[in-house]
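Number of protein chains: 2
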Amino acid sequence: MEAVTVHLGDFSSHMRELSRGFLFTLVIGTTDTSLVPGITIAGAKPELTHYTPAADAEYLVLGRCQVIPTVPMTPDGKPTPALITRAVIKLTGAGVLVVNAGARVRPNIPIIDLQGEPGRDIRTGLAIDRSIVDRVFSNGVILGENLARVSGAIVIGESIPAGTTTAMAFLVAMGYDAWNKMSSASPVNPRDLKIAVVKEALRNAGIDKPLEDPLEAVSRVGDPVIPAMASIAIGAARRGAKVLLAGGTQMAAVLAFIKHVDRGVLNNVAIGTTKWLINDRTADLIGLVREVAHVPVASANLDFSNMPYEGLRAYEGGFVKEGVGAGGVSIAAISKGYSINQLQEVILSNYEELLKGMGNTA
Amino acid sequence: MEAVTVHLGDFSSHMRELSRGFLFTLVIGTTDTSLVPGITIAGAKPELTHYTPAADAEYLVLGRCQVIPTVPMTPDGKPTPALITRAVIKLTGAGVLVVNAGARVRPNIPIIDLQGEPGRDIRTGLAIDRSIVDRVFSNGVILGENLARVSGAIVIGESIPAGTTTAMAFLVAMGYDAWNKMSSASPVNPRDLKIAVVKEALRNAGIDKPLEDPLEAVSRVGDPVIPAMASIAIGAARRGAKVLLAGGTQMAAVLAFIKHVDRGVLNNVAIGTTKWLINDRTADLIGLVREVAHVPVASANLDFSNMPYEGLRAYEGGFVKEGVGAGGVSIAAISKGYSINQLQEVILSNYEELLKGMGNTA
Numbered sequence: 001m002e003a004v005t006v007h008l009g010d011f012s013s014h015m016r017e018l019s020r021g022f023l024f025t026l027v028i029g030t031t032d033t034s035l036v037p038g039i040t041i042a043g044a045k046p047e048l049t050h051y052t053p054a055a056d057a058e059y060l061v062l063g064r065c066q067v068i069p070t071v072p073m074t075p076d077g078k079p080t081p082a083l084i085t086r087a088v089i090k091l092t093g094a095g096v097l098v099v100n101a102g103a104r105v106r107p108n109i110p111i112i113d114l115q116g117e118p119g120r121d122i123r124t125g126l127a128i129d130r131s132i133v134d135r136v137f138s139n140g141v142i143l144g145e146n147l148a149r150v151s152g153a154i155v156i157g158e159s160i161p162a163g164t165t166t167a168m169a170f171l172v173a174m175g176y177d178a179w180n181k182m183s184s185a186s187p188v189n190p191r192d193l194k195i196a197v198v199k200e201a202l203r204n205a206g207i208d209k210p211l212e213d214p215l216e217a218v219s220r221v222g223d224p225v226i227p228a229m230a231s232i233a234i235g236a237a238r239r240g241a242k243v244l245l246a247g248g249t250q251m252a253a254v255l256a257f258i259k260h261v262d263r264g265v266l267n268n269v270a271i272g273t274t275k276w277l278i279n280d281r282t283a284d285l286i287g288l289v290r291e292v293a294h295v296p297v298a299s300a301n302l303d304f305s306n307m308p309y310e311g312l313r314a315y316e317g318g319f320v321k322e323g324v325g326a327g328g329v330s331i332a333a334i335s336k337g338y339s340i341n342q343l344q345e346v347i348l349s350n351y352e353e354l355l356k357g358m359g360n361t362a
Numbered sequence: 001m002e003a004v005t006v007h008l009g010d011f012s013s014h015m016r017e018l019s020r021g022f023l024f025t026l027v028i029g030t031t032d033t034s035l036v037p038g039i040t041i042a043g044a045k046p047e048l049t050h051y052t053p054a055a056d057a058e059y060l061v062l063g064r065c066q067v068i069p070t071v072p073m074t075p076d077g078k079p080t081p082a083l084i085t086r087a088v089i090k091l092t093g094a095g096v097l098v099v100n101a102g103a104r105v106r107p108n109i110p111i112i113d114l115q116g117e118p119g120r121d122i123r124t125g126l127a128i129d130r131s132i133v134d135r136v137f138s139n140g141v142i143l144g145e146n147l148a149r150v151s152g153a154i155v156i157g158e159s160i161p162a163g164t165t166t167a168m169a170f171l172v173a174m175g176y177d178a179w180n181k182m183s184s185a186s187p188v189n190p191r192d193l194k195i196a197v198v199k200e201a202l203r204n205a206g207i208d209k210p211l212e213d214p215l216e217a218v219s220r221v222g223d224p225v226i227p228a229m230a231s232i233a234i235g236a237a238r239r240g241a242k243v244l245l246a247g248g249t250q251m252a253a254v255l256a257f258i259k260h261v262d263r264g265v266l267n268n269v270a271i272g273t274t275k276w277l278i279n280d281r282t283a284d285l286i287g288l289v290r291e292v293a294h295v296p297v298a299s300a301n302l303d304f305s306n307m308p309y310e311g312l313r314a315y316e317g318g319f320v321k322e323g324v325g326a327g328g329v330s331i332a333a334i335s336k337g338y339s340i341n342q343l344q345e346v347i348l349s350n351y352e353e354l355l356k357g358m359g360n361t362a
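For the protein sequence lines, the chains are A and B, in the order given.
Residue numbers for the first sequence follow the working numbering, beginning at 1 and rising by one.
Residue numbers for the second sequence follow the working numbering, beginning at 1 and rising by one.
Read the hints as simulated data drawn from the structure, not as lab findings.
Keep in mind that a hint or two might mislead.
[Unchecked claim] Sample of chain B residues with no beta-carbon within 12 angstroms of chain A, all distances over it, derived: (1) R135; (2) A185; (3) K356.
[Claimed, not checked] Simulated crosslink set (DSBU-like; lysine-lysine; CA at most 35 angstroms straight-line): (4) A:K78 to A:K199; (5) A:K356 to A:K199; (6) A:K336 to B:K45; (7) B:K45 to A:K90; (8) B:K259 to A:K259.
[Claimed, not checked] Derived, one-sided and incomplete: chain A residues facing chain B with beta-carbon distance under 8 angstroms: (9) L91; (10) G93; (11) L97; (12) I112; (13) L114; (14) N139; (15) V150.
Just so you know, even glycine gets a beta-carbon here, dropped at the ideal spot from N, CA and C.
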C-alpha cells in the first residue's frame, strides 16, 4: 500500500510544496454543544470536553499537559491524536503555532489570539455573535497572509469537541446534504443524536432555506474553529501558499466557508486526513467534498494493527480516527521523504513516554 | 556613505541570512513608569502612552489605528517610527507577527500572547510578579524555537513607552554602568528625571549590589518587553536562527538578559538600529554593548534631510530616532538588496497616505 492515498484531484503540487518544509497551525476552540451528553467522547465527562483543546495544544507543544493533571489519554490507554501530531512534527522539525479561535480553557503556552469567543450550544440558534465572527475572520485572514510570507506550505489542524456536529449544522445551513456523512471520534457514531441537535439548532436559528453568507451561518449554528481555519486558509492561499486542511469531515465545512467567500483561492487548498477517517463507513468525507468543491483529498495510511499496545491498536477499531491535524502532518512528513515505518516508530516511542507519565500520575 | 554602517563585530553572517528572507516580530508591552510626567514623548499625555504600543502594532499590520481615532503622528506631523517599519516590511514582503508581552491596551489584530502582564511603575520596586516573568520567559523560548523552524533570520522589534528608563534600571540592577548612556525619543533627553526614577526604583527594590538573575531584575525594576524579546531571541538562536535585536539602547538590556541566561547563543545575536540613534550624543549604545557582550552592532543610514515634509525632516533633528524595529527592518531590507533610496521612497509615500488620513479625521 502507498504511504499516501489520493482520493480526489491532483495532489502533486501540494506534495511538492510540502516537501520543501511546512508550518503547522493548530486552531483550538470550544462549543457548548459538546456539553450535550453522548455527543462526543473527547473528554471523560461533558464538562471536561472544554479542557480537551487546551490539553491537546499543551501536549503538542510541551509534551505534557498543564490544564489537566494527567496525560492526554483514556484510563485504558487510548491516546489523543495529538500523540501522532507531536511525534511526526518532532521528526520533521516543523514549526508549530497554536491559534485560539475561541476556547473556554486557554493553554499555558504562547498562543495566537484571533479575539474570538467560545461557541454557545447551537441549539440556541445563536452560536456566536456576528461581530465576533467578523473579528475572527478578519484577524484570521491577516494571520494567514503573514504565515504565507514565511512558509510556502501551511498545514492547519483543529481541536474542538463536538466539531462534527457544528460542522454538520453549518453545512446544512449552507444548503449541503451533510445529514449522514459526518464522522465521529467514537467507533459508534451517535448520528441520531447529532441529527436531532442540528435540527433543533436550525429550527431555533430560523433557517428554513439555505443561507448564502457563511459568516452568518457560523454565527447562528457554527463554531469558532470553522471561520478561523477558513480565514487563515484564505489569507495564506491568496498569498500563494499551499494550504492543507488537516482533519476529517469538519474540513468539508471549512471548505464550504472558503468557497462562499473566495472561490478563487480553492486551487491552493487541499484536504489531508487519515486512513481511519476514510474507512469510517458511517461517514463520507469524499462525498461531502465532491458536493462542496473538488479540491484534492489525500489520506495517510498509518497502520497501528501491529502496535504492541491495545491503546494504539484501538485506532484500527475506529477510536478517534483523526484530530489535531494528525493525518495532515503525517502526509506532510511523507511528502518530505519519511516512511510510514519511521512515523509509526516515533509514534510508538512517544506513546511509551506517555505511558511512563501515566504511571507517575496514577 | 554606505547604506549600513557596522560599528562593532562581524555582521556578515547576519547579512547573509537576512538576504534569504526574514520574519519580523514586534513585541509590545507597557510599564506604568510611562505615566511619570515628562519621562516619554511616546503619547500626547502620560495616560495616552498606554495606547501607543497597540496603535503602533495596528498601524504596522493594518495601515491604520483602531484603538485611537487618529493617525499615529503628532499634531504637527511627526510620525511614529512604525511608519518606517510598515513601509519597509511591505517593500520586502516579509511576514509580521505581533507579540503581546504585557500591554494595558491590546490591539485589534491577531496577536501572540505570552501571558505576561503590564509592568507597574518601577519606583514601586515590584515591577512584575516573578511568576509572570517566568511564564513570559518560558513562553517566549517556545515561541522563538518555533519561529526559527520557519525562518533562518528573525528580526525582533519593540514598542514600550518609557522603555529606556526601565532598561536603564534593569542594566544598573545587573551591575552595568548605564547611567548616562540611554537614549530617548525626545531631542531633549530627560536624563536627570530618568536617573531619579531609576534610583528610587533600585532603592525601593532593595537592590544595593548587582543581581545575578535577570528574571529577578526584571521582576523588581524591569518591564515585560525585556524578558519577552530576550526569550524569543534565546529560543530562536538556540535553533540556529540569526537574531537581529532591532532597537536602540534598550537592546543592551535585552542583550544582558540573554547573556546571563545562555551566553552560548550570543554568536547568533546582533543589534540593528538607525543612524539617528547612533548619532544621539546623550546616549552610548556602542559603549553599552561593549560593556555587556561584544555582539555585532549595525545601523541603517536612512537620511530624511531632503524629505519634502517637516515632520519627516524632524527625524534628522533627533525626534523619535528609533522604535518598532525601524532600524533593524531597514538593515534587513538592505541585506536583501534594496537601496536606501528605495526605502526612503516607500517611507515618503506611506507618510503621504498618513497625511491624507489626518485630513479625513481632522
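Status of the hints after comparison with the structure:
At the 12 angstroms boundary, the C-beta of R135 (chain B) falls inside the reach of chain A, the nearest C-beta of that chain being 7 angstroms off. Every CB of chain A lies more than 12 angstroms from the CB of A185 (chain B), the least distance being 27 angstroms, so the non-interface label holds. Every CB of chain A is more than 12 angstroms from the CB of K356 (chain B) (nearest about 22 angstroms), matching its label as outside the interface. Between K78 (chain A) and K199 (chain A), the direct Cα distance comes to roughly 32 angstroms. Compliance with the 35 angstroms bound is thereby established for this hinted pair.
Between the alpha carbons of K356 (chain A) and K199 (chain A) the distance comes to roughly 44 angstroms, so the proposed pair goes past 35 angstroms and is violated. In summary, the hint linking K336 (chain A) to K45 (chain B) is not supported, as the alpha carbons are separated by about 54 angstroms, beyond the 35 angstroms threshold. Restraint check for K45 (chain B) and K90 (chain A): not satisfied, since their Cα atoms lie roughly 49 angstroms apart, outside the 35 angstroms limit. For the hint pairing K259 (chain B) with K259 (chain A), the CA-to-CA distance comes to about 50 angstroms; that exceeds 35 angstroms, so the pair is violated.
Evaluation of the L91 (chain A) hint against chain B yields a violated restraint, the C-beta minimum of about 13 angstroms exceeding 8 angstroms. For G93 (chain A), the interface hint holds, since its Cβ comes within 8 angstroms of a Cβ in chain B; the closest pair sits about 6 angstroms apart. Interface hint status for L97 (chain A): upheld, as the beta-carbon distance to the closest one in chain B is roughly 6 angstroms, under 8 angstroms. Taken as an interface hint, I112 (chain A) checks out: its beta carbon lies about 5 angstroms from the nearest beta carbon of chain B, inside 8 angstroms.
Because the closest C-beta pair between L114 (chain A) and chain B is about 5 angstroms apart, less than 8 angstroms, the hint holds. For N139 (chain A), the interface hint holds, the least distance from its beta-carbon to any beta-carbon of chain B being 4 angstroms, beneath 8 angstroms. Restraint check, V150 (chain A) versus chain B: the minimum CB separation of about 4 angstroms is within 8 angstroms; hint holds.
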